Amino acid sequence: MGSGIPRINKTSDALLGALDNLFNWAHKNSLWPLFFGLSCCFIEEAAAFTSRYDLARFGSEVLRGSPRQADLLIISGTVFKKAAPMVLRLYEQMSDPKWVISMGSCANSGGMYDVYSVLQGVDQILPVDVYIPGCPPRPEALEEGIILLQKKIGSCERPARPVLHRAGGWEGTTAAILEDGYTKTRDTRGPGFEGIAERGTSLTPPRFWGSRSDLMWTPPTPRIEPTEREKSLADALRERFGDFIRPIEHSVDMPAYDVDGSRIKDVLRYLKTSPEAHFVRLDDVTAIDESARRDRGVTAPEGEGAPSSEHPPDYTLVYHLLSYESASRIRLKVGVRGSDPAAETITDIWPCANWYEREVYDMFGIRFNGHPDLRRILMPPEWQGHPLRKSHVYRATEMAPYTLEDARAMQPLDGRYFVEGADRDDTIILNYGPHHLGTHGVCRFVLALRGEEIVDLGADIGYHHRAAEKIGERQSWHQFIPYTDRIDYMNGVNNNLAYLNSVEKLAGVTVPDRARFIRVMLAEMFRINSHLIWAGTFLHDIGMMGLNFYAFREREQLMDIIELITGGRLHPSFFRIGGVAMDLPDGWREAVDAFVRIFPSRLKEYAQLAERNPIVKARTVGIGVLSKEEAIEWGLTGPNLRACGVEWDLRKKMPYAAYDAFDFEIPTRTAGDCYARYLVRMDELRQSLRIIEQAARNMPPGRHITEDYRYAVPDKRDTLKDIESLIHHFVNVTRGPKMPKGEAYVPGEVARGEQGYYVVSDGMNMAYRMRIRGPDFAHLQAMPRKIIGRPIADFQAMLGSMDFIMPDCDR
Amino acid sequence: MEPLPQNGAHLLSPWEPGVLGLAVYAGAALLMLAAILFLTSWLGEHKPGPAKDLPYESGILPTGSPRILYAIPFYLVATFFLIFDVEALYVFSWAVAFNDLGWTGWLQMSVFIAVLFISLIYVWKKGGLDWGPESRE
Ligand code: SF4
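Line by line, the protein sequences give chains A and B.
Residue numbers for the first sequence, in our numbering: 1 to 811.
Residue numbers for the second sequence, in our numbering: 1001 to 1137.
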């Protein structure tokens, strides 16, 4: 801001003062915002532009897609270190004078993401005029931010002198870039408290010196009884592979085996192709760094002597497979040893293992022999170390501050490294994203174009890597719930549910009926929500803007219901271990009924708008086709899988929560093209509505949270009545419950597909390893490449129809 | 509206008084352009920077030069458009002189349009209006 108002003592000054007012008036009432939506906050920013909030009233309703046309940069969401160079470049490319609004806690200060991949405040690389607090701020808050900026422009700027080439005066941002240690502090303890330990460090790895989990007792994890089929498979495996495969006793969720590294490929090939097993889908490949296991003993074998199979493994590779026929999963674990660990690639068995293995390489430094393209996938190319190793630094505040110089130096790889034929002189390389309206998030595609035709395509992801898996290793089992909301930020409580599926399985928690019904009802509301935004943006992408307005209208109605019940909008974090945070409030039924009444007619409106529109059809029918076999081979899930003719929905085939108590269908299509994906989601809206209607009608009475308070946060009323509950309240909201040793992976069906949390507990109050499998990782690997050989316009239709979201791809 | 003069020679507007009008018009246009150019360059803020001179490509530094041999698959479509567009000019001029040219004119123009229409069908059938990857399938 300026240092004050210059005194007016001459006529010319009076004239300049009048001109100042005129220019300021023009500036502030015609702000042209450039969006840089990096994550969740952008959804609320977008809502501010729709009819309910109507940002147009403030003269700044047209979001620009290019920096040349804008003078106000709104940075909404988490500023990742990998994406910060682009934020800076766009800011620098905007014409002057210009202003900056930082929207949301993440952009302001890193927010709840004090973790290695996130910049702790965008003000470290560019000047900020207005900060909007909130996680996310509501659309009204953005409006207030714009009003504040207008006030600032109107009262603090003196543009007349610079415009008329006279000395003095100023316009645009005059704030300074902040520097850690001088003009800002990243210390979470606050000034004067440098002497104390950082909050939580006594309980967290590597030392756990203040942890009291060892003093607590929990019953052992429940144990799953193998089915007949699983028993015979175990026999067949023993017969075939003998000592190379050992069943893991005491598995809570699925049959699990330790496999010798030398035979893993044979075992996997057998499981995939043999008719008695037929685990055709590779659900997930990941790893665990075993070096911080507390029963490992103090003499860590790091670098001492040759690694032998006598040592406990340094890393464990974990494969999860799924069989459609028997609706069952299997887990295989392979120990890897040494300081330069290596394993065999399985990309020749499942092509979709490609990205998963790259991720393991990036995060753990485990090499895969024979992998066709082993390089980093999430982290920037020049990153040092492998973030999910226990030895890698955790917090951003433990690292040197990210500065303007870093943002200039850390450039992403040049486009030519992602595509073939870049050197031909008739080929143009086009970067599509990360800052692009059509990518719906910070994701970068590199297209090699010959004329309009796409001849090759590469994807560069990791711009939205928020390190949720690392965070899971340092947050108590309850504290992690809000982080799950942000995994797929359009899906709210659906994420909570997928996470709790695994945790509750691990601990054997039973959830009362009422809580299960509340969970289902809210989860379906978020599914509708997500599909609505998708429908609006997808059709917008292919040239039909109308539906966007209607979709946001219905979404706001749902948001109001969700707010009534949970108190939150985008990220309610409403579910708890053993139930939900509180019971339904008065008036919920009327609100839900009103929605159930009105929504069918709205669905008809949508269908009329889109399905009779010949342009929509011309741009989607027969475009981006995937066959059923491809969809299975590449691990597609959710509506994208069902649009290829596979009738598979976890809610029906492997029911969780209370879904087995509901009557609904699994919509499918067989065409596998963009239009089929559209139709499947439209049908799912109807099915979700049915579920909501049934949940409201049959809502059982009873408790909203389990009576067993070992793991749950007790009902507040109980804590006022008996000491047992009060003690559990103290323990479970402070250091958090201890989980029994073990692991579980029970995915749920979120709007985009199957999202699963592979939680590994070492018997502590936080996870030892928190693996998150998001559906879009698989989708982004396989689907865009189907558009090679087509014109670039089809590429956008494909991207839109996939319905991907970056936070659950990059996590 | 004035009725059209019956004599064909008066169809064009007279030359002499028009020159002055044209000159005034051209002068005014030039003056305005100059004023706009001057004002924007003088009043606008100039803060050159290396980033500003770069093309905007979703925030990434572009690869290679944009000056390449560029395949133009819709080249043919564009040419056909031009051809048919120019033909339409004849139709307009005929419409202006419709009354003078009478039935002969009408007949001639009908033949002309018919030929045009047939050639359009010919181009269409030959695949001249298809472009993009489908056209090669
Ligand atoms: S976590 Fe999401 S909603 Fe919260 S401040 Fe960050 S970007 Fe915004």
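Incorrect hints may have been included.
Claimed, not checked - Computed far set for chain B versus chain A, every beta-carbon distance over 12 Å:
hint: 1; residue: 1027
hint: 2; residue: 1043
hint: 3; residue: 1052
hint: 4; residue: 1056
hint: 5; residue: 1061
hint: 6; residue: 1075
hint: 7; residue: 1091
hint: 8; residue: 1094
Said to hold, decoys possible - Chain A is faced by these chain B residues, among others (derived, beta-carbon under 10 Å):
hint: 9; residue: 1019
hint: 10; residue: 1023
hint: 11; residue: 1026
hint: 12; residue: 1045
hint: 13; residue: 1046
hint: 14; residue: 1054
hint: 15; residue: 1062
hint: 16; residue: 1063
hint: 17; residue: 1064
hint: 18; residue: 1068
hint: 19; residue: 1095
hint: 20; residue: 1097
If you're looking for bench data, these hints aren't it; they were derived computationally from the structure.
None of these values were measured; they are calculated from a predicted model.
Every residue, glycine too, gets a C-beta built ideally from N, C-alpha and C.
Quick rundown of the hints versus the structure:
Distance check on residue 1027 of chain B: its Cβ is at least 28 Å (rounded) from any Cβ of chain A, clearing the 12 Å threshold; non-interface status holds. Residue 1043 of chain B, annotated as away from the interface, has a beta carbon of chain A within 12 Å; the closest lies near 5 Å. With a closest Cβ-Cβ approach of about 6 Å to chain A, residue 1052 of chain B is found to fall inside the 12 Å limit, against its non-interface label. Distance to chain A contradicts residue 1056 of chain B as a non-interface residue, since its nearest Cβ pair spans about 5 Å, not more than 12 Å.
Residue-level check failed: residue 1061 of chain B sits 7 Å from the nearest beta carbon of chain A, not beyond 12 Å. A Cβ of chain A approaches the Cβ of residue 1075 of chain B within 12 Å, the least distance being about 10 Å, so the stated non-interface status is violated. Under the 12 Å C-beta cut-off, the non-interface status given to residue 1091 of chain B relative to chain A holds; the minimum distance is some 29 Å. With 12 Å as the threshold on Cβ separation, the claim that residue 1094 of chain B sits away from chain A holds: the shortest Cβ distance comes to roughly 35 Å.
With a least beta-carbon distance of about 41 Å to chain A, the hint placing residue 1019 of chain B at the interface is violated under the 10 Å criterion. Taken as an interface hint, residue 1023 of chain B does not check out: its beta carbon lies about 35 Å from the nearest beta carbon of chain A, beyond 10 Å. Taking 10 Å as the C-beta cut-off, the interface hint given for residue 1026 of chain B is violated, the closest approach to chain A being about 31 Å. At about 4 Å, the closest approach between the beta carbon of residue 1045 of chain B and any beta carbon in chain A falls short of 10 Å, and the interface hint on this residue holds.
Given the 10 Å rule on beta carbons, the hint for residue 1046 of chain B holds: about 8 Å separates it from the nearest Cβ of chain A. A distance limit of 10 Å between C-beta atoms decides the matter here; for residue 1054 of chain B the minimum to chain A is near 7 Å, and the interface restraint holds. With 10 Å as the threshold, the beta carbon of residue 1062 of chain B comes within range of chain A, its nearest partner Cβ sitting at about 7 Å, so the hint holds. With its C-beta approaching chain A no nearer than about 4 Å, residue 1063 of chain B sits inside the 10 Å limit, and its interface hint holds.
Interface restraint check for residue 1064 of chain B: the shortest CB-CB distance to chain A comes to about 6 Å, inside 10 Å, so the restraint holds. Nearest Cβ of chain A to the Cβ of residue 1068 of chain B: about 5 Å, under the 10 Å cut. The hint holds. Residue-level restraint check for residue 1095 of chain B is violated (minimum Cβ-Cβ distance to chain A is 32 Å; threshold 10 Å). Interface restraint check: residue 1097 of chain B against chain A, minimum CB-CB distance 40 Å, threshold 10 Å, status violated.
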